[in-house]
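For the sequence shown, full-length UniProt numbering gives the first residue as 1, with consecutive numbering after it.
Fair warning: there could be bad hints in the mix.
Cross-link-like lysine-lysine pairs, in silico, BS3-like; alpha carbons within 30 Å at most [claimed, not checked]:
(1) K3 / K273
(2) K173 / K199
(3) K133 / K199
(4) K157 / K199
(5) K508 / K535
(6) K535 / K451
(7) K86 / K173
(8) K508 / K531
(9) K181 / K199
(10) K199 / K318
(11) K181 / K3
(12) K531 / K490
(13) K94 / K232
(14) K96 / K157
(15) K3 / K369
(16) K157 / K252
(17) K86 / K133
(18) K22 / K142
(19) K157 / K133
(20) K133 / K181
(21) K3 / K142
(22) K469 / K533
(23) K199 / K94
(24) K157 / K86
(25) K533 / K550
It should be emphasised that the hints constitute simulated quantities derived from the structure, not laboratory data.
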Amino acid sequence: MVKTFLDGVAIGFYRGIGEVQKIGPFSEVNFFIGPNNAGKSIVLSFIHEHLPSENKSQQGSLPLNSPLSFRGEGEGVFLAGFGIRKFNVLDSLKQKNAATFENPQSSVYQLVHDTVDRLVCDGILWQQFRGNKYVSQVFQPKISEFINISNAHGWNKLNHSFTGRSGEDIRTKALPRILRKINEGVLVGYPPVELVPAKRKLGDKEDEEFKDSSGIGLIPKLASLQDPDWQKEQERYVFDAINTFLQAVTGKPDAEIRVPHERNHLLVRMDGKLLPLDSLGTGIHEVILIAAFCTIRTEQIICIEEPEIHLHPTLQRKLIRYLQENTDNQYFIATHSAAFIDTPGASVFRVWNDGVQSYVEPALLKDDKWQICEDLGYRASDILQANMVIWVEGPSDRIYLNHWIAAVDPDLIEGTHYAIMFYGGGLVSHLSAESEGDPLGELIGLRSLNKNMAIVMDSDRDSAGAVLKSAAQRLIDEVTDERGFVWITKGREIENYVDYDDLQGVLKELHPKVYDGSWDGGEFEHAFYFKRKGKAEPYKDANKIGAARKICEQPANLGVLDLRERVTELVALIHRANGIGDAENEPQILQA
């Protein structure tokens, strides 16, 4: 599984960045997305060149007239800062000062926590290094901001605990010494940093050393993994993992990379044939190269330039999912592909330039991600909020569907993998999924909005033999194919998929003043109706949304009617729309 080694960076007067910018917090996979010349590669270049990692020391300054110096308006001193999350700061201090942290109830213990709270900015402690040694804190508060945290006695105890000194002036000696000790006490150790450049190729020379991620020396390296010495047999798992990825992207369970004796190219054994890797197309060739680089490297920080080159969006997503599930590196990726915006578990940063300098900002909200899409030149009609649209009659249907979908695949996220939209029951007769050649399509051309589409609709049948309404049958004919289907409820309404006794119990709780018992509970009855106190007619206006919310507070029961089959079909369609999993092994879409 991917890991997080670096929590954030602070950059000032470097390439396209002028005044100091704090960039973070980082996660296991981080995307820097923006148009050409926005400055997407700034953070990658900074990390690769200046992070004080195992394979290099951090440079404290840039040479005079360096091409990496800031070239915008104004001038300033190059600043390289690195961030450590608060909980990592405290963990490091505990390792170095075990006695101080023995008693969580002690005043010294609490004072350390309060002091760290003041030192961090946006939850991160920002530091500068020279070589691998701490130099100073970036954004350090003034001494006066710490004075009132504790009295002189508390500071003296902490000073003695950290430095062995006591009786010093708090403002001029003790506090500055304590703050420096806290900063120096953070155990910073970053792994090697590798850069996968935008231009990648397979080196075919036997004597080339595999020392970077440009492709030079990759074939000899793969050969050693294909047939390792008996003492290194454990290395074969790396080769097996790359083959597993090849099988996923080609859809061929027998696909396998082979390195021939001459070691001048790669072969693929597939469908009983042995072919050059190049013959599968540039996209497969490119994605296998990147996957190989990242699988061979372990527990490192890897910066990747434009992985989307020659890759279809589906391959782009498969690559990232493979890296997340099968490697243990941290990734920083510069791209102008919108396909990565909704990657689960990843951090997305918008990179833009105002004509003077570049800015890097986290894209935390949907509006931020829409702004990225606009930066990349997408129009509102080019993209939707999700890769699939599910049309339902109303809000309570949405609540149930989200609950049931989560029961089958809890990793699916509304607004990312699918969107739910309302058509309203009264519009059913006007809906048409064909946007051309049909006058009803002018009202709502569903498939012109998104080809990946499902419609969930009440059957409204009052018996098993009742005829389905003509509008519903027409939608089945127009929509049902490999990218869409219509789900007509097996019972009368979607509420008939809820256990009847559970539903009636919730209705009694919601309407205690009028509820006087259940009505009829058959699958073709109105499940929401109940007996009303003092009335012969059933109560028909129950709180559907409130009931749905209460029902969905409990684990989903998919064993009612055909609910499990239908939800499984719907999840399979969402998977296909998002390129998740092996489509060949997904349940097939059935006719309604």
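Could you work out which of the previously given hints the structure breaks and list their numbers from low to high? 1, 2, 3, 4, 6, 9, 13, 16, 21, 22 and 23
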